[in-house]
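2 protein chains.
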Amino acid sequence: MAAVPAVLVRARELVEPALVAAVDRLCDELRLPARYHFGWVEADGSPSTAGPGKGLRPALAVLSAEAVGADGAVAVPGAAAVELVHNFSLVHDDIVDGDVERRHRPTVWAVFGVDDAVISGDALHNLAFQVLLDTPTGQSGGEPSPERVRATIRLVTATTAMIAGQSADMAFDDLPEVDLAACLAMEADKTGALLGYSASVGAVLAGAPADQVDALEVYGQELGLAFQAVDDVLGIWGDPSVTGKAAGNDLRERKKSMPVASVLSGGGTAAAELRAVYDVAGDLSDDDVERASAVIEAAGGRDDTIAEASRRLDAALAAIDGVGLEVGAVDELTGLARFVAEREF
Amino acid sequence: MAAVPAVLVRARELVEPALVAAVDRLCDELRLPARYHFGWVEADGSPSTAGPGKGLRPALAVLSAEAVGADGAVAVPGAAAVELVHNFSLVHDDIVDGDVERRHRPTVWAVFGVDDAVISGDALHNLAFQVLLDTPTGQSGGEPSPERVRATIRLVTATTAMIAGQSADMAFDDLPEVDLAACLAMEADKTGALLGYSASVGAVLAGAPADQVDALEVYGQELGLAFQAVDDVLGIWGDPSVTGKAAGNDLRERKKSMPVASVLSGGGTAAAELRAVYDVAGDLSDDDVERASAVIEAAGGRDDTIAEASRRLDAALAAIDGVGLEVGAVDELTGLARFVAEREF
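Chains A and B are the protein sequences, given in the same order.
Each residue of the first sequence is one higher than the one before, counting from 14 in this note's numbering.
Each residue of the second sequence is one higher than the one before, counting from 14 in this note's numbering.
Think of the hints as simulated: they come from the structure by calculation, not from any bench.
Note that this is a predicted model, so its numbers are computed, not measured.
Do not take every clue at face value.
Pairs count within a copy or across copies, as identical chains cannot be separated in the list.
As the list claims (entries may be wrong) - In silico SDA-like links for lysine to any residue, alpha-carbon gap of 25 Å or less:
id : residue 1 : residue 2
1  : LYS258    : GLU156
2  : LYS258    : VAL127
3  : LYS258    : ASP128
When you get a sec, could you build the whole thing from the sequences and use the hints?
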């Protein structure tokens, strides 16, 4: 596995205090599930050794400020806000998907119940806007800056897309067939929109010109699709000790992820065989999952998805070329993109 | 029952088109549960005769614009936004409370499942901010007005309070005792904050001076507590054919509403008797519910709560007196408050 890019650690050190302070603003009952979810404490409130997530979104936010020549600290409210939205969606998605484990720990609903998980997610969602619209210390007049207002509007838009993507993903479960284009459109909404936001919010808060903001946003959106393609491969062939999920998990849940959609939309005997496995009534057996996985691999669904990840990585890097961004930040954005898109399978 | 104030109909006619247009912006999968929830369609998408809710919040918003001398239409984005937040909270609360019926119809989760109800609620929550921050047609520059930004910040704050109140309400279920002060603080958050917002957002959008905005907000907050006190009485002694809920519903759910908290914090034999009923393991029988209801009534919990509603109504009306608001609007605000606080028990 490639070395972890330094910016992930650097951005966490910059952003985590703001995130902790934001979560501390929640009322007593909601603070604990939120702090548990972030990996800061255990369910009883004692310190946790779980450690946080990768922090990809804060790193993108910080680099996007630096890419337009601003200090990375300018990105902090945007980075904290996008982490809050991302994590609200994880808390709610785990309810929707019935997932009992995330990052090798029981999910919030599994520990605190569905009720507290619904409300905690709502609180994190709302807190994101609170953090972003808060008047920065020392600014007179008590009004948020135009840059913060712009960053808020963009967050609302990205969150709308994310929710629509999650909803489309759920709807796929009831469709007999999903083609690759529909799958990519869903994943662009579900993952791409928020990564596009992350990769541009620092530039927005720094007041950068539109062409640089747009370039960074496209980088993030394409990176989101590369990330998702890799995730979809890992969801079938990933090592459970690394992914924290059972082998073939996405197949067991009959997900219509990229490798599956790619085979289904290819037609022929492979599509028919895969459809036959998914049409089995009740839970899929380990044998069913292995058979589906073998069919997809033989029909090229795995290779196609890895190729898609590679194309999206190229598109991400092309987007930030030639728009006058700071060279050092572009290097770090490139390293981060490669780290995400070239995770070992 | 007193005649329905004309402003409820007038405000609905003004605000509903904006609300329908907002909900139409949702993706296909989320539009149906949302439109079903608002009572516009049945679960299969066919037109519904269910009819909408009372529309108290839009009416308050419209009157708050008129109270500061502006056209009621100025309030529309705020009125639509607060209806979206209110209804997102209803969709999620019904999951949390396990309620299968609202306004004499099955709740969203009961019809579409918990998964769709979680995500639909999230979408309505986010849509509220989208509606409010949308650039008004014809305004140049594409930036929201300072008044809209201010209205957004206030909505974020009110929603934070509402979520904290809902969370405190849930936490009460696990506490052996809740005193009246804690109950009122919870209800001020859960209901008062959003009614305070509703009753001032029109004035905020009209750019009214702070003392008028504040007076209208206090009116709404106090009205919220009056409303909640009446609701708590109806939750125990209300006519099921009017409330749409089983008789004694709040007792069956062991809610620590105002009448219950008032008796528990009074101590003595009544508190002990009530505690004994609530301590029964498993579901409460009809006999348990009747016994609890009789104990509360005999100990004065019902009368105390009706008196609280009356005090809060007086405080609401006092708040909007003498701050130079338009006389016609104050008359309508007064009529609306009396209609809400003097519902027949």
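Hint by hint, here is what the structure shows:
{"no.": "1", "hint": "LYS258 x GLU156", "in the structure": "neither (45 Å within a copy, 44 Å between copies)"}
{"no.": "2", "hint": "LYS258 x VAL127", "in the structure": "both (20 Å within a copy, 23 Å between copies)"}
{"no.": "3", "hint": "LYS258 x ASP128", "in the structure": "both (24 Å within a copy, 21 Å between copies)"}
Checked against the numbered hints above, the structure violates only hint 1.
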